[in-house]
Amino acid sequence: MQKETIPNIAIIGVGNIGIRHIESLIQFTSPINIYMFDINTSGLIKTKELLNNKKSHLVSLNIVNNLKDLPKEISILILATSSNQRISLLEKIKSNIKFLIVEKILSSDRNE
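First residue of the sequence shown? That's 36 in the working numbering, and the numbers climb one at a time after it.
No wet-lab data here; the hints were simulated from the structure.
Every residue, glycine too, gets a C-beta built ideally from N, C-alpha and C.
There's no promise every hint is true.
[Said to hold, decoys possible] 30 Å max Cα-Cα, derived DSSO-like pairs, lysine-lysine:
1) 103 <-> 139
2) 127 <-> 83
3) 139 <-> 107
4) 103 <-> 81
5) 133 <-> 107
[Claimed, not checked] For each label pair, taking beta carbons as the anchor points, the in silico distance ranges come out as:
6) 92 <-> 122: 36 to 42 Å
7) 126 <-> 85: 26 to 32 Å
8) 91 <-> 124: 24 to 30 Å
9) 63 <-> 84: 15 to 21 Å
Please model the complete structure; the sequences and the hints are all you need to start from.
In structure tokens:
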């Protein structure tokens, strides 16, 4: 029998839209690992403190200070940043990503 792995979900950009994704994810009734990254680290800490009181014991909330610290395998990556930085952020992520969710447009540059 194969051991089930706990899904890793990464959210890049924890502003208004990113927080809404996290609020939905913390209601899961099966185990998940959520990794949050944002250039505004003080906002991340406040978000984690706020959401820790609402999450189930099955959800693990983790702040990542560097994109290199994301897990090697990511089930879902949610990019909730402004469009002018999405491509460069995506290129810095070295994880294997199963599903990618991009909020709004991918990039404002047609060539990208």
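The hints, checked one at a time:
1. 103 <-> 139: holds, 25 Å
2. 127 <-> 83: holds, 24 Å
3. 139 <-> 107: holds, 26 Å
4. 103 <-> 81: holds, 22 Å
5. 133 <-> 107: Holds, at roughly 11 Å.
6. 92 <-> 122: 36 to 42 Å: holds, 37 Å
7. 126 <-> 85: 26 to 32 Å: About 31 Å separates the Cβ atoms of residue 126 and residue 85, which means 26 to 32 Å holds.
8. 91 <-> 124: 24 to 30 Å: holds, 29 Å
9. 63 <-> 84: 15 to 21 Å: holds, 20 Å
Checked against the numbered hints given earlier, this structure breaks none of them.
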